[in-house]
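**Q** Let the sequences and hints guide you as you build the complete structure.
As given, the protein sequences belong to chains A and B, one line each in that order.
If you count by the UniProt record's numbering, then the first sequence holds residues 1 to 196, one letter each, in order.
If you count by the UniProt record's numbering, then the second sequence holds residues 1 to 609, one letter each, in order.
For the record, the hints were derived by calculation from the structure and aren't laboratory data.
Glycine included, every Cβ here is placed at the ideal spot set by N, Cα and C.
Treat the hints loosely; a few may be bogus.
Chain A side only, calculated, beta carbon under 8 Å to chain B, not exhaustive [unchecked claim]:
#	residue
1	17
2	37
3	38
4	50
To list a few chain B residues with every Cβ distance to chain A over 12 Å, as calculated [claimed, not checked]:
#	residue
5	273
6	494
7	522
8	595
Pulled a few chain A residues facing chain B out of the computed Cβ check, cut under 10 Å [as the list claims (entries may be wrong)]:
#	residue
9	23
10	48
11	49
12	135
13	139
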Amino acid sequence: MVMANIPIEEENDRGGVHPLKFSLWLIIISIIMMFAAFTSAYIVRREEGNWLEFELPNILLINTIVIILSSVTMQLAQNSARDNNMGKLKLMLGLTFGFGIAFLIGQWYGWADLVQHNIYFGGTGSNPSGSFLYVLTGVHGFHLITGLVFVAIVLRSSLKYKVHSKKMLRIQLCTVYWHFLGGLWLYLYVFLRLNH
Amino acid sequence: MSSTDISMTRDTHHVHVEHDEHHHDQNFFEKYIFSLDHKTIAKQYLFMGILWAFVGGFLSILFRLQLGWPEATFTFLEPILGGWIQNGKLDPEFYLALVTMHGTIMVFFVLTAGLSGTFSNFLIPLQVGARDMASGFMNMLSFWIFFVASVIMFWSIFIETGPAGGGWTVYPPLSALPEAIQGSGDGMTMWLISMGLFIVSQLLGGVNYITTVINLRTKGMSMTKLPLTIWAFFLTAIVGLLAFPVLLSAALLLIFDRSFGTSFFLSDIYIAGQALANTGGSAILFQHLFWFLGHPEVYIVIMPAMGLASEVIATNARKPIFGYRAMIGSLIGITVLSFVVWAHHMFVTGMNPFLGSVFMFLTLIIAVPSAVKVFNWLATLWRGNIRFTAAMLFAIGFVSLFISGGLTGIILGNSALDIQLHDTYFVVAHFHLVMGASAVFGMFCGVYHWYPKMFGRMMDEKLGYIHFWFTFIAVYLVFMPMHYIGIAGFPRRYYNWTGFETFNIFTDLNTFISIAAILGFAAQFIFLFNFVYSMFRGRRATENPWHSNTLEWTTPVLPGHGNWPGEIPTVYRWPYDYSKPGATEDYIPQTVPFSKTQSSNLPNERDFE
Numbered sequence: 001m002v003m004a005n006i007p008i009e010e011e012n013d014r015g016g017v018h019p020l021k022f023s024l025w026l027i028i029i030s031i032i033m034m035f036a037a038f039t040s041a042y043i044v045r046r047e048e049g050n051w052l053e054f055e056l057p058n059i060l061l062i063n064t065i066v067i068i069l070s071s072v073t074m075q076l077a078q079n080s081a082r083d084n085n086m087g088k089l090k091l092m093l094g095l096t097f098g099f100g101i102a103f104l105i106g107q108w109y110g111w112a113d114l115v116q117h118n119i120y121f122g123g124t125g126s127n128p129s130g131s132f133l134y135v136l137t138g139v140h141g142f143h144l145i146t147g148l149v150f151v152a153i154v155l156r157s158s159l160k161y162k163v164h165s166k167k168m169l170r171i172q173l174c175t176v177y178w179h180f181l182g183g184l185w186l187y188l189y190v191f192l193r194l195n196h
Numbered sequence: 001m002s003s004t005d006i007s008m009t010r011d012t013h014h015v016h017v018e019h020d021e022h023h024h025d026q027n028f029f030e031k032y033i034f035s036l037d038h039k040t041i042a043k044q045y046l047f048m049g050i051l052w053a054f055v056g057g058f059l060s061i062l063f064r065l066q067l068g069w070p071e072a073t074f075t076f077l078e079p080i081l082g083g084w085i086q087n088g089k090l091d092p093e094f095y096l097a098l099v100t101m102h103g104t105i106m107v108f109f110v111l112t113a114g115l116s117g118t119f120s121n122f123l124i125p126l127q128v129g130a131r132d133m134a135s136g137f138m139n140m141l142s143f144w145i146f147f148v149a150s151v152i153m154f155w156s157i158f159i160e161t162g163p164a165g166g167g168w169t170v171y172p173p174l175s176a177l178p179e180a181i182q183g184s185g186d187g188m189t190m191w192l193i194s195m196g197l198f199i200v201s202q203l204l205g206g207v208n209y210i211t212t213v214i215n216l217r218t219k220g221m222s223m224t225k226l227p228l229t230i231w232a233f234f235l236t237a238i239v240g241l242l243a244f245p246v247l248l249s250a251a252l253l254l255i256f257d258r259s260f261g262t263s264f265f266l267s268d269i270y271i272a273g274q275a276l277a278n279t280g281g282s283a284i285l286f287q288h289l290f291w292f293l294g295h296p297e298v299y300i301v302i303m304p305a306m307g308l309a310s311e312v313i314a315t316n317a318r319k320p321i322f323g324y325r326a327m328i329g330s331l332i333g334i335t336v337l338s339f340v341v342w343a344h345h346m347f348v349t350g351m352n353p354f355l356g357s358v359f360m361f362l363t364l365i366i367a368v369p370s371a372v373k374v375f376n377w378l379a380t381l382w383r384g385n386i387r388f389t390a391a392m393l394f395a396i397g398f399v400s401l402f403i404s405g406g407l408t409g410i411i412l413g414n415s416a417l418d419i420q421l422h423d424t425y426f427v428v429a430h431f432h433l434v435m436g437a438s439a440v441f442g443m444f445c446g447v448y449h450w451y452p453k454m455f456g457r458m459m460d461e462k463l464g465y466i467h468f469w470f471t472f473i474a475v476y477l478v479f480m481p482m483h484y485i486g487i488a489g490f491p492r493r494y495y496n497w498t499g500f501e502t503f504n505i506f507t508d509l510n511t512f513i514s515i516a517a518i519l520g521f522a523a524q525f526i527f528l529f530n531f532v533y534s535m536f537r538g539r540r541a542t543e544n545p546w547h548s549n550t551l552e553w554t555t556p557v558l559p560g561h562g563n564w565p566g567e568i569p570t571v572y573r574w575p576y577d578y579s580k581p582g583a584t585e586d587y588i589p590q591t592v593p594f595s596k597t598q599s600s601n602l603p604n605e606r607d608f609e
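**A** What follows is the structure in structure tokens.
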């Protein structure tokens with residue numbers, strides 16, 4: 001697939017925003033639409049009553065801080081790549097990956113906390129208010145895993161010294177996607193706080 | 001959506017960029033199966049679309065048999081349908097599965113994937129002057145995910161409990177409870193999985209279409225020099241990008257309700273006197289989510305057809321398209337309005353009457369851009385030097401069907417009238433004319449017109465005429481009578497209506513509709529023969545057989561990978577310079593600079609000479 005692609009990609013690069021970066025933004029828009037659907041469904045459903053109110057797990061706040069930190073390290077990684085600081089680049093990408101894993105583990109503990117308080121995803125005694133929380137965190141978690149895969153790919157190529165100031169595209173794409181995932185979680189967290 | 005990590009290995013093969021790009025030998029798989037070339041992917045979509053169209057059409061013939069001859073026995077169908085025929089009678093639940101699958105297949109697999117997939121892929125790079133799509137890999141992924149979705153959907157037809165049977169709108173609670181009907185069992189699960197994959201495939205495709213139009217236009221190709229086809233595909237992709245994720249959300253919640261015991265859409269349900277555990281869900285919520293996609297979906301279906309028809313009409317009327325900017329404006333208007341009218345599908349859900357009025361008002365506004373388009377097509381035809389090619393006949397047929405179906409849309413858009421007409425055959429007649437048959441005509445028009453560029457040969461015109469007239473007449477014979485039985489209150493999706501005194505008088509009319517439907521379906525085999533035969537035995541095409549202006553006709557007869565052997569041509573003018581006074585020929589391709597056409601330049605074009 002790579003072979004046939006090359007001559008075209010070269011000629012297609014006509015200045016302005018790189019096509020792949022543009023594509024990434026479009027993908028981000030489609031993910032936003034998905035969460036817009038979930039959160040507006042949440043609001044509509046909540047207005048109808050028969051809605052179980054419960055406390056959000058406290059760990060979500062810690063997770064929020066973790067994911068903000070991961071965004072910071074991701075940005076630092078991109079800056080080090082720009083400055084050709086290879087050591088720092090690898091360190092920062094590794095930290096980002098670590099924070100991402102920590103976030104996911106934290107979310108898992110959040111779910112465990114919910115279960116302890118008898119807030120279930122499905123089955124007898126479950127209420128849409130709880131189910132929605134699982135869906136929002138779960139679908140976000142799924143996208144975060146795709147982001148982690150992306151970070152891992154960039155990390156791998158940085159170990160081969162294939163990410164530097166002359167080859168920024170991949171890490172730029174990764175940074176945009178990672179910031180988006182962080183921003184999406186911030187939105188979800190604030191949304192859940194306001195609607196609880 | 002998770003595929004942002006597409007390979008970006010720009011570093012590996014820098015060397016052989018310019019020199020040997022056409023000497024790189026691709027093996028069979030690279031060239032025909034997992035191809036990255038947009039033209040091959042377009043053809044793959046076209047073949048799949050045609051295959052699905054025949055499956056979907058065949059299913060409709062099966063249920064038309066039941067509707068047209070309700071007392072007959074269909075023992076002769078046993079070899080095909082097996083257990084679905086019992087004592088010569090069609091199984092009622094299978095009837096529901098038939099209408100469900102007919103709708104799903106036609107709306108999504110034929111008129112979304114088959115239409116956009118084929119022509120957006122084929123025409124966008126060729127008409128904007130690009131070597132290929134922005135990401136060939138994503139494009140290939142889009143087709144193969146669609147292929148997997150197709151396999152799952154097709155497979156579901158053959159499982160023991162049958163395919164999904166809750167209507168193509170899959171409203172819960174019917175679709176959410178496997179106990180409700182057989183069609184809500186495994187068939188429904190497969191439907192949801194298939195549609196989930198389908199959405200991912202369409203999003204990947206759409207992202208590519210938009211990026212290519214925005215980023216990869218050739219030199220001189222400003223947005224206002226784009227052919228209307230490209231504008232239509234571009235806006236269609238935007239609508240899809242915004243609407244499909246919402247359906248994905250709804251489908252995901254439905255999957256959770258079905259398989260994980262959540263209650264997003266379920267509440268207070270009793271089955272055989274036993275209350276279900278589900279509590280707190282809202283079935284109406286699903287309808288809102290569904291129609292937020294579902295309504296834009298009809299524009300995803302019709303806008304590419306509009307674009308194709310605009311292009312074909314201008315080319316074959318040998319006249320500039322009338323109101324080029326108004327055509328773009330009306331497409332944008334339709335795009336925007338398509339997102340704010342979804343609740344007109346839900347007038348009878350107990351919606352607040354005031355809200356109903358708002359949605360009615362917004363719905364009726366869509367008549368304005370639609371009418372702008374219709375008048376512009378008619379004005380383009382007006383006193384044109386019309387060449388009645390097969391493609392042109394289908395384009396004119398498209399306009400005719402769009403008008404006939406659009407008029408009843410104004411009636412249905414009224415929330416008060418909708419109470420009588422909701423879920424009757426009037427609705428069936430309306431959307432089959434305005435969206436179903438029109439889009440199919442747009443697709444035929446596209447196939448006949450661009451066939452020479454796809455396969456290097458011409459389709460047979462005479463067979464095309466026969467195909468057109470049979471199809472055109474059959475479509476009107478099928479759907480016009482449906483308006484009458486619809487106004488009389490005849491409901492959709494009823495397996496057996498002979499028990500109702502009111503509807504008994506329509507037996508003859510139903511038989512008539514069924515005969516017309518069978519005739520129309522049979523006529524499609526003329527097309528199939530023509531399509532396959534011409535691929536091998538058709539008259540060889542020239543580079544520009546229709547004397548058209550757009551860029552794809554400046555490529556060789558069979559464009560190779562990369563589309564243009566030399567440099568990509570530069571664009572100097574809009575695509576509709578047909579029959580320009582003072583010009584030597586009745587068309588001036590977009591690549592001809594103004595300096596070469598001094599005799600025909602208008603005063604304001606002198607500056608560009």
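**Q** Could you let me know if the closest chain A CB is still more than 12 Å away from the CB of residue 595 (chain B)?
**A** Fine: 24 Å to the nearest Cβ keeps residue 595 (chain B) off the interface.
**Q** Interface hint check: residue 38 (chain A), Cβ to nearest Cβ on chain B, cutoff 8 Å. Holds or violated?
**A** With a closest approach of 5 Å, the residue 38 (chain A) hint holds.
**Q** Does the nearest C-beta of chain B fall within a distance shorter than 10 Å of the C-beta of residue 49 (chain A)?
**A** 9 Å, holds
**Q** Does the nearest C-beta of chain B fall within a distance shorter than 10 Å of the C-beta of residue 48 (chain A)?
**A** 6 Å, holds
**Q** Are residue 37 (chain A) and chain B close enough, Cβ to Cβ, to be under 8 Å, as the hint says?
**A** Where the cut-off is 8 Å and the nearest Cβ of chain B is about 4 Å from residue 37 (chain A), the hint holds.
**Q** Please check whether residue 135 (chain A) passes as an interface residue: C-beta within 10 Å of a C-beta belonging to chain B.
**A** This interface hint holds because 7 Å falls under the 10 Å limit.
**Q** Residue 494 (chain B) clear of chain A by more than 12 Å, beta carbon to beta carbon?
**A** 32 Å, holds
**Q** With a cut-off of 10 Å on the beta carbons, see whether residue 23 (chain A) makes it to chain B.
**A** At about 5 Å, which falls below the 10 Å cut-off, the nearest Cβ of chain B leaves the hint on residue 23 (chain A) intact, so it holds.
**Q** Examine each Cβ of chain A, and state whether all of them lie more than 12 Å from the Cβ of residue 273 (chain B).
**A** Non-interface label on residue 273 (chain B) holds, nearest chain A Cβ at 18 Å vs cutoff 12 Å.
**Q** Does the CB of residue 139 (chain A) sit less than 10 Å away from some CB of chain B?
**A** 7 Å, holds
**Q** Checking a non-interface call: every C-beta of chain A should be farther than 12 Å from the C-beta of residue 522 (chain B). Is that right?
**A** At roughly 41 Å from the nearest Cβ of chain A, residue 522 (chain B) sits farther out than 12 Å, so the non-interface label holds.
**Q** Double-check residue 17 (chain A) for me: the hint is only fine if its C-beta lies closer than 8 Å to a C-beta in chain B.
**A** Since the shortest Cβ distance to chain B is 7 Å, the answer is holds.
Going through the hint list in order, the structure satisfies each hint without exception.
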